[in-house]
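With these hints in hand, go ahead and build the complete structure from the sequences.
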Amino acid sequence: MVYHAKNSDGSKQARGQRVHLQLWDTAGQERFRSLTTAFFRDAMGFLLMFDLTHEESFVNVRSWLSQLQTHAYCEDPTIILIGNKTDLEAERQVAEKAARDLADSLGIKYFETSAKTGENVNEAIDALLEQVMEQMERCVDKATLPPSLANGGERGHKLREVDEAHDDRGGGCAC
1 MVYHAKNSDG SKQARGQRVH LQLWDTAGQE RFRSLTTAFF RDAMGFLLMF DLTHEESFVN
61 VRSWLSQLQT HAYCEDPTII LIGNKTDLEA ERQVAEKAAR DLADSLGIKY FETSAKTGEN
121 VNEAIDALLE QVMEQMERCV DKATLPPSLA NGGERGHKLR EVDEAHDDRG GGCAC
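Numbering (UniProt numbering), first residue to last: 1 to 175.
Don't read these hints as lab results, they were simulated from the structure.
Warning: the hint list may mix true and false statements.
Computed beta-carbon distance windows for the label pairs [what the hints assert, rightly or not]:
(1) 62 - 25: 14 to 22 Å
(2) 138 - 18: 15 to 23 Å
(3) 136 - 101: 26 to 34 Å
(4) 17 - 90: 39 to 47 Å
(5) 138 - 56: 31 to 39 Å
(6) 139 - 118: 27 to 35 Å
Pairs of lysine to aspartate or glutamate residues, derived as EDC-like cross-links and limited to a Cα-Cα distance of at most 20 Å, are as follows [what the hints assert, rightly or not]:
(7) 109 - 119
(8) 116 - 25
(9) 116 - 51
(10) 97 - 56
(11) 116 - 89
Glycine is no exception: its CB is placed at the ideal position from the N, C-alpha and C atoms.
Dropping the structure here:
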């Protein structure tokens, strides 16, 4: 897919960047737990979804968050909390305020969606992509780029040399 960064006015930039996006639906089932931890290692962002009509799935959010923190490759992965099935309002068991309060306490965004009607699905995915791409942009170490790129187009010929054995900066991207 092609990702278009947003301008300061909220409009999308004309030039896009091709990104590889994989969405894995594990249905929160215990039998998938060993598989999901393998996928966590390579992911920079997560859509953590629960069923608004099934309170136990909301209670399990903290367990899934713990799994993410244990197995994710990134130290601080982007997480979007999603309450799904807004189309079944009469069967709702999880109050919007409870879910928003949890998301706020964790410092993550929250969306209520309906996979059936498509309500807020694109918005949630766009929010995840936007945060992951911003995180990646912050991680670019301009000191390792050719000076012609790092200095806004000025010509240069020398790259910074890094002695990995004595480089105590803690690595590249602090994702």
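Now the hints, each set against the structure:
Checked against the given bound of 14 to 22 Å, the beta carbons of residue 62 and residue 25, roughly 20 Å apart, stay inside it. In this structure, residue 138 and residue 18 meet the distance hint of 15 to 23 Å, their C-beta atoms being roughly 20 Å apart. In this structure the hint that residue 136 and residue 101 lie 26 to 34 Å apart at CB holds, the actual value being about 30 Å. Remark: the range hint 39 to 47 Å for residue 17 to residue 90 is upheld by a beta-carbon distance near 42 Å.
Checked against the hint of 31 to 39 Å, the C-beta distance between residue 138 and residue 56 comes to roughly 37 Å, which is consistent with it. Checked against the hint of 27 to 35 Å, the C-beta distance between residue 139 and residue 118 comes to roughly 32 Å, which is consistent with it. Using a Cα cut-off of 20 Å, the hinted pair residue 109 and residue 119 holds, with the two alpha carbons roughly 16 Å apart. Pair hint residue 116 plus residue 25 holds up; C-alpha atoms about 15 Å apart against a cutoff of 20 Å.
For the given pair, residue 116 sits about 13 Å from residue 51 by alpha-carbon distance, which is consistent with the 20 Å threshold. Among the hinted pairs, residue 97 with residue 56 is consistent with the structure: their alpha-carbon atoms are about 16 Å apart, no more than 20 Å. Straight-line distance between C-alpha atoms of residue 116 and residue 89 comes to about 13 Å, which keeps the hinted pair within the 20 Å bound.
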